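Student: Start counting the sequence shown at 9; every next residue gets the next number (our numbering).
Bear in mind the hints are in silico, worked out from the structure with no lab data behind them.
One thing to keep in mind: the hints can contain errors.
Result set (BS3-like, lysine-lysine): computed pairs, CA atoms no more than 30 Å apart in a straight line [to be verified]:
{"hint": "1", "residue 1": "LYS70", "residue 2": "LYS92"}
{"hint": "2", "residue 1": "LYS51", "residue 2": "LYS92"}
{"hint": "3", "residue 1": "LYS70", "residue 2": "LYS81"}
{"hint": "4", "residue 1": "LYS51", "residue 2": "LYS70"}
Computed beta-carbon distance windows for the label pairs [as the list claims (entries may be wrong)]:
{"hint": "5", "residue 1": "SER121", "residue 2": "LYS70", "range": "34 to 44 Å"}
{"hint": "6", "residue 1": "SER107", "residue 2": "GLN21", "range": "38 to 48 Å"}
{"hint": "7", "residue 1": "ALA80", "residue 2": "SER121", "range": "10 to 20 Å"}
{"hint": "8", "residue 1": "LYS92", "residue 2": "GLY34", "range": "28 to 38 Å"}
{"hint": "9", "residue 1": "SER107", "residue 2": "LEU19", "range": "29 to 39 Å"}
{"hint": "10", "residue 1": "LYS70", "residue 2": "GLN47", "range": "33 to 43 Å"}
{"hint": "11", "residue 1": "SER109", "residue 2": "SER25", "range": "28 to 38 Å"}
{"hint": "12", "residue 1": "GLY50", "residue 2": "PRO22", "range": "14 to 24 Å"}
All figures in this text were calculated on a predicted structure; none of them were measured in a lab.
Just so it is clear, CB atoms sit at the ideal spot from N, CA and C, and this is done for glycine as well.
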Amino acid sequence: QLQLVESGGGLVQPGGSLRLSCAAAGTILSIYRMGWYRQAPGKQRELVATSDGITNYADSVKGRFTISRDNAKNTVYLQMNSQKPEDTAVYYCNVISYSGSVSWGQGTQVTVSS
Numbered sequence: 009q010l011q012l013v014e015s016g017g018g019l020v021q022p023g024g025s026l027r028l029s030c031a032a033a034g035t036i037l038s039i040y041r042m043g044w045y046r047q048a049p050g051k052q053r054e055l056v057a058t059s060d061g062i063t064n065y066a067d068s069v070k071g072r073f074t075i076s077r078d079n080a081k082n083t084v085y086l087q088m089n090s091q092k093p094e095d096t097a098v099y100y101c102n103v104i105s106y107s108g109s110v111s112w113g114q115g116t117q118v119t120v121s122s
């Protein structure tokens, strides 16, 4: 498995923006998919966005969040704009390699509140 180091979480006001980063380190083979999931208190973990040549977004974030990758740095980003209180959650980075191995980051808290 890869080591995933996340950064960029924090407190933001409604309508504000945050950018999350996730860098993959370790024995890096071919990375197939990189993405973000989130888990709010009392809820199941849910997909936010993924990138594997095609980007995929949850309906709840379409038009507000943008996922991007820097393959040279094995890093994935999540730009979050026009944030809402319901975006409050712990955000997890996820990486799937072509070998099928799955790695998760430690999670970073995002709180949207005035």
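Student: Does each hint fit the structure? Answer for all of them.
Tutor: Comparing the hints with the structure gives:
{"no.": "1", "hint": "LYS70 / LYS92", "result": "13 Å, holds"}
{"no.": "2", "hint": "LYS51 / LYS92", "result": "17 Å, holds"}
{"no.": "3", "hint": "LYS70 / LYS81", "result": "26 Å, holds"}
{"no.": "4", "hint": "LYS51 / LYS70", "result": "20 Å, holds"}
{"no.": "5", "hint": "SER121 / LYS70: 34 to 44 Å", "result": "23 Å, violated"}
{"no.": "6", "hint": "SER107 / GLN21: 38 to 48 Å", "result": "42 Å, holds"}
{"no.": "7", "hint": "ALA80 / SER121: 10 to 20 Å", "result": "36 Å, violated"}
{"no.": "8", "hint": "LYS92 / GLY34: 28 to 38 Å", "result": "35 Å, holds"}
{"no.": "9", "hint": "SER107 / LEU19: 29 to 39 Å", "result": "38 Å, holds"}
{"no.": "10", "hint": "LYS70 / GLN47: 33 to 43 Å", "result": "20 Å, violated"}
{"no.": "11", "hint": "SER109 / SER25: 28 to 38 Å", "result": "32 Å, holds"}
{"no.": "12", "hint": "GLY50 / PRO22: 14 to 24 Å", "result": "21 Å, holds"}
Comparing the model with each numbered hint stated earlier shows that hints 5, 7 and 10 do not hold.
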